[in-house]
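Now that you have both chains on their own, put them together as the hints suggest.
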Amino acid sequence: MTSTLAATPSTVVKPFYFNTSAHLLRINRQKANTLPEFLDALRECPEGSIFQHSFRTLQEHHFIREGFSNDFAHWVLSACNEPSLAEGLASVDVREFTSVAQLRDRFIQIVENFLQHSPAAGTRIARETFYFCASDTVVIPTSFVAHTLREFAEGLRGVSVHCIHHHFIEARLRLKLMSNDFSQWLYEDLGLTESARQLNRIDIYTVTLEDVREQIIRIVERALL
Amino acid sequence: MEPQTESEVAATESQLDHSAVSPPGAPLRRERRKQPRAWETPPAPVPPPRLDDYKSIVGTADIDELRFLARELKGKTVKMVNSTAVGGGVAEMLNQLVPLLNEVEVNTRWEVITGGNSFFEVTKAFHNALQGSDYKLTPQARDIFLMHNEQNRQRMQFSEDVVVIHDPQPAGLIRGRQKSSGRWVWRCHIDLSNPNPEVWGFLHPFIEQYDAAIFSSQSFARQLAIPQYLFYPCIDPLSEKNKDLEDNFIQRVCDEFGIDRSRPIVTQVSRFDRAKDPVGVVHAFKQARKYVDCQLVLAGGGASDDPEGAAVLKEVKEAAGEDPDIIILDLPPWCALEINALQRASTLIVQKSIREGFGLTVTEALWKGKPTIAGAVGGIPNQIIHKLTGVLVHSVEGCAYQMRYLLTHPDFAEQLGQNGREHVKENFLMTTNVRRWLLLTRILLTGAA
Chain V
1 MTSTLAATPS TVVKPFYFNT SAHLLRINRQ KANTLPEFLD ALRECPEGSI FQHSFRTLQE
61 HHFIREGFSN DFAHWVLSAC NEPSLAEGLA SVDVREFTSV AQLRDRFIQI VENFLQHSPA
121 AGTRIARETF YFCASDTVVI PTSFVAHTLR EFAEGLRGVS VHCIHHHFIE ARLRLKLMSN
181 DFSQWLYEDL GLTESARQLN RIDIYTVTLE DVREQIIRIV ERALL
Chain F
1 MEPQTESEVA ATESQLDHSA VSPPGAPLRR ERRKQPRAWE TPPAPVPPPR LDDYKSIVGT
61 ADIDELRFLA RELKGKTVKM VNSTAVGGGV AEMLNQLVPL LNEVEVNTRW EVITGGNSFF
121 EVTKAFHNAL QGSDYKLTPQ ARDIFLMHNE QNRQRMQFSE DVVVIHDPQP AGLIRGRQKS
181 SGRWVWRCHI DLSNPNPEVW GFLHPFIEQY DAAIFSSQSF ARQLAIPQYL FYPCIDPLSE
241 KNKDLEDNFI QRVCDEFGID RSRPIVTQVS RFDRAKDPVG VVHAFKQARK YVDCQLVLAG
301 GGASDDPEGA AVLKEVKEAA GEDPDIIILD LPPWCALEIN ALQRASTLIV QKSIREGFGL
361 TVTEALWKGK PTIAGAVGGI PNQIIHKLTG VLVHSVEGCA YQMRYLLTHP DFAEQLGQNG
421 REHVKENFLM TTNVRRWLLL TRILLTGAA
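Taken in order, these protein sequences are the chains called V and F.
Each step along the first sequence adds one to the number in the numbering used here, with nothing skipped, and position 59 is 59.
Each step along the second sequence adds one to the number in the numbering used here, with nothing skipped, and position 95 is 95.
Just so you know, the hints here were simulated from the structure itself, not pulled from any lab data.
Careful, some of the hints might be misleading.
Said to hold, decoys possible - For each label pair, taking beta carbons as the anchor points, the in silico distance ranges come out as:
| no. | chain 1 | residue 1 | chain 2 | residue 2 | range |
| --- | --- | --- | --- | --- | --- |
| 1 | F | S118 | V | R65 | 55 to 61 Å |
| 2 | V | T206 | F | H409 | 20 to 26 Å |
| 3 | V | N81 | F | E92 | 37 to 43 Å |
| 4 | V | Q102 | F | P45 | 53 to 59 Å |
| 5 | F | A275 | V | E47 | 38 to 44 Å |
| 6 | V | A101 | F | N117 | 40 to 46 Å |
| 7 | F | A85 | V | P15 | 48 to 54 Å |
| 8 | V | E214 | F | A311 | 26 to 32 Å |
| 9 | F | D134 | V | L175 | 33 to 39 Å |
| 10 | F | R263 | V | D105 | 54 to 60 Å |
| 11 | F | E397 | V | Q102 | 41 to 47 Å |
| 12 | V | T206 | F | G75 | 42 to 48 Å |
| 13 | V | Q102 | F | E198 | 55 to 61 Å |
| 14 | V | P119 | F | V86 | 33 to 39 Å |
Glycine included, each C-beta is placed from N, C-alpha and C at the ideal position.
The following block holds chain F by itself, in its conformation from the complex (with noise of 0.2 Å):
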């Protein structure tokens, strides 16, 4: 859909907010651009995948793997309880799992709980304590948790085999295993590493009730009583942000974003948050400008409904100045294929993060073979193998430095991309969440090997 007159054609231009769309010298391609895809409304969602619909990406063999390793589990129920059933990464990834887990019949059924505002600010409240902020915990704060972890739980059945209570948000329910001869399992999504006392003392003996508690990376897991697994968390490599693209449209992708394909592409994907340390990506792209030609593409979201979004993509702007080879994109969130296509039309990404959870974009980055920098915080070494899979960096100069060193080196480069590929399909795609819950399952209701 273009834009039909001039003030169409304005407002497609500010909202794009390219600080620059060409490089020095070159006729500026204004004119070129159209309004791109990603201003139109949300895609509808399209059908989960299949196993079978993998087989080409993960081979047969590892397919019928899966298949083989579900018969043992025929039948056997499990419940997965979460506290959305839309946004945010556990609703995605279950919206994914639990159709899968159907298929190889493991009876698999997902319930969310409810609950009123003051709940939902008193979990938004833990959440961000659990990672580390700053909180009072009240005894009003306590008893609205308890009572609403209570009412879920006369209004849930638990007559499965297995039942997994996603997150803190529903932790409580494990006192529903009175009424219950499954097995239960804690499954946390988030950095317990440096969690608040008070929040953290106040959840441990619900934690210590269950049979298993599964964690996202070895440095968020506690000293617990009960088996703590490591469970990845995964991309779907089938998904608008992972499947593979057409060239012509990471072309028109590019065309329509001002960013030029004959020169190398380095790109951050993330949302404007000081966590992902934009401004420093900035630096570090100038200091390696000095010495290689590059283009930089910050693409992200959040600065539209965050006001700490809008203030960190502010001082992007300022830093990046009126450099012609700092394209600034800010996009809403149903830019799946978008950003897929940024990512794919890259040299090399840049994921600078200086506090991170697991780090999803760099996950994507290396399942696409890219080259991928990024900073050594949270799951990122998980994923980075120093000089194996990518490499990893603690500064702005090392960040400039490596820039440069990949942008020079492009076989060293193109090996990093090509490991980097092959650690995302043995341990981040979604088929290996498969294969980890139906070994959890098998284990917790037969015993390992």
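This is chain V alone, in the form it adopts within the complex (with noise of 0.2 Å):
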């Protein structure tokens, strides 16, 4: 990828409008007191209890460094004492697809291959229930637009860090790509190719929302030198 158009702050292209979005938590009919259990939800849930779990559960524990993933990946270590298990299912990376399908898919196959492996792991009671929620959610706009890259790095201070994980970190769902809507927008409407690529290398496991934040910002002033 080259660079096709000269990103000066000044530059009009087509806008970005910083939205963000709201959710609403359901309870869901599913919920497992042993790992069998587990999986038979995993299997069973709506599309949206995965997307919960992993998705949403970054942006609910955004301020969080120290080794929180997913949830399931918490309730089989805190309620199962299973920590092999635990490390294999926090090893799923959101940000490596592109549908909820391929995401369930993928936590059912860690949680069946450690079932057949240890069985006896499989008869034991957890200490608490899992219950599995799903979100309703809200597309709210923001009254941030960025017309420039310059407005683009205020917008990015300006917004919630909600807005920072919808455009960030959700997006991919919607885009059915492996990117966020910063760097298409960087990428498509301001040929900033590098900086696209820097932005989709930020590791969101290891730092806060904010932590985040502050990358995305210090690589978008990077590109207005």
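Next up, the structure:
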């Protein structure tokens, strides 16, 4: 990929509208007290539950740096005391998936493999029940619109972390691409190929969403120079 | 207001009920103690905050998002119905929520059902039975419940776009939807995880007629054919119990209660109730203190107007013995500022409950950035993610170990406190509650994205 547009602070391009999404938690029917029940529920639950406990939980726990990956991994460790399975589930990076169905299959495969190799683990009762939830989502506009790279940086500073999650993490499910709204705009509308690529390489699992925001801003500011 | 005479001083000291006031070897400081503000009459109510007042806490972007969310709901109407205008967590929450919804032009009315003693005796019994107590549902109790719900239904209008019925007492008002085109929601604030089957069997057909139900924890929900939403209880960061305090006020409260801020302070705030296991906290403290210097503050109420509370307080005093580092405070209900100050003065906060609803004292502790040790019961695991936003314990020994560990690992403790505060900011503040109500109204009236 090469840069096709001269990206100056005053470049006028298709504007970037900062939106955000608000989610309301719904309690689903599925619940699990053992790993086999958990596996059944993973197979049966609506896609919204897989989304909630993987993508959305990152947003709900955006302030934690110390090893919070998804609700499934956390429950397997804290309630089932199965660290190797927890590690396997925690290693699932939502950015490698552009559909919830693929993501579900990955979780199922990990639990199936574990139970095949450790059938005794399936007989133990978890310390706490896992309740499958999902979320109803409403997309909300914000007051930030970027016509230039400088306005884009200002928008990034002004929006909430929910907005960062909406455009940077959830976006791949909408786009069906291994990318995000910010990188797409930088690449397609400003021709900032390298900046777009750098954004895509930010590790969302070892930092907070505020840290992610700071890293995005730093990359954009470097492009402004 | 300081006591003027010797008898007033003595009365004050008796009320304060310090088992001890100073560390071993240090001179007693009783003579320094003044009558605390806690014993004055209840403070005058303050006007409810406005949305902009929260900007300094949650940020401008979050408040702007609420306004954007409300924009499509402008002019829509909501009615909230519960069983009491004062006292209790529901009334307290509605007092804050209703003005904020009106501020964003979602016209919200709050109405309270009426009923005689017989009705409220029945609904009190229902309330306890739904939370697991033994109860024999009689035809007479059923008739009283239905009759009063019917009287209220006939008295009230239901022309709003969304009607929200809080808790079981007015649940029978759903019959009023015949004269309403609005959407009906049942907001259940109590723990339904193990309800009395007769009472739940009686109420269940009413609940299924609603368009949605709301619970405070996943574990409180039931199998229902209608959508069930999760609304966590919340705290108001601008209330007296949670607002920021000047350090000199915190110091004054500690001085008044004989608490030494130069030494670690471990505090449990909760009424004297066996479900909160205050005796277990005393035992855990005594185990921990063998290895690390600290004081224990047990601050609560309920001993003056509740025979069981008085009995529990007596047990706590017996367990504490003559230990000079255990400070027991039986406070009246209007001591929110003092409770706030005690929490802020604390090094660690404990909520070693063995049964719990949601556990808002945990929310308060986390909001103050305090490393918190709590029993893994009720709604507490929703708030405390073990070793990330606090620590969960299951025994006296576990509690004692965590006290020692956190007091001797202040960096880890501080990180827990920071994470805990952020967790509350994201999930358990009044502004999040407003967001949830706006979202629900929007989803009910226009559907989700």
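Results for each hint:
1. F:S118 to V:R65: 55 to 61 Å: holds, 56 Å
2. V:T206 to F:H409: 20 to 26 Å: holds, 22 Å
3. V:N81 to F:E92: 37 to 43 Å: Since the Cβ atoms of N81 of chain V and E92 of chain F sit about 39 Å apart, the hinted range of 37 to 43 Å holds.
4. V:Q102 to F:P45: 53 to 59 Å: holds, 55 Å
5. F:A275 to V:E47: 38 to 44 Å: Once the Cβ atoms are compared, 39 Å apart, the range 38 to 44 Å for E47 of chain V and A275 of chain F holds.
6. V:A101 to F:N117: 40 to 46 Å: violated, 58 Å
7. F:A85 to V:P15: 48 to 54 Å: Given a distance of about 49 Å, which is inside 48 to 54 Å, the answer is holds.
8. V:E214 to F:A311: 26 to 32 Å: Check failed, 55 Å falls outside 26 to 32 Å.
9. F:D134 to V:L175: 33 to 39 Å: Because 57 Å falls outside the window, the suggested range is violated.
10. F:R263 to V:D105: 54 to 60 Å: holds, 56 Å
11. F:E397 to V:Q102: 41 to 47 Å: At roughly 45 Å between Cβ atoms, Q102 of chain V and E397 of chain F fall inside 41 to 47 Å, so the hint holds.
12. V:T206 to F:G75: 42 to 48 Å: holds, 46 Å
13. V:Q102 to F:E198: 55 to 61 Å: Check failed, 47 Å falls outside 55 to 61 Å.
14. V:P119 to F:V86: 33 to 39 Å: With Cβ atoms ~58 Å apart, the hint is violated.
Violated hints, in rising order: 6, 8, 9, 13, 14; the structure is consistent with all others.
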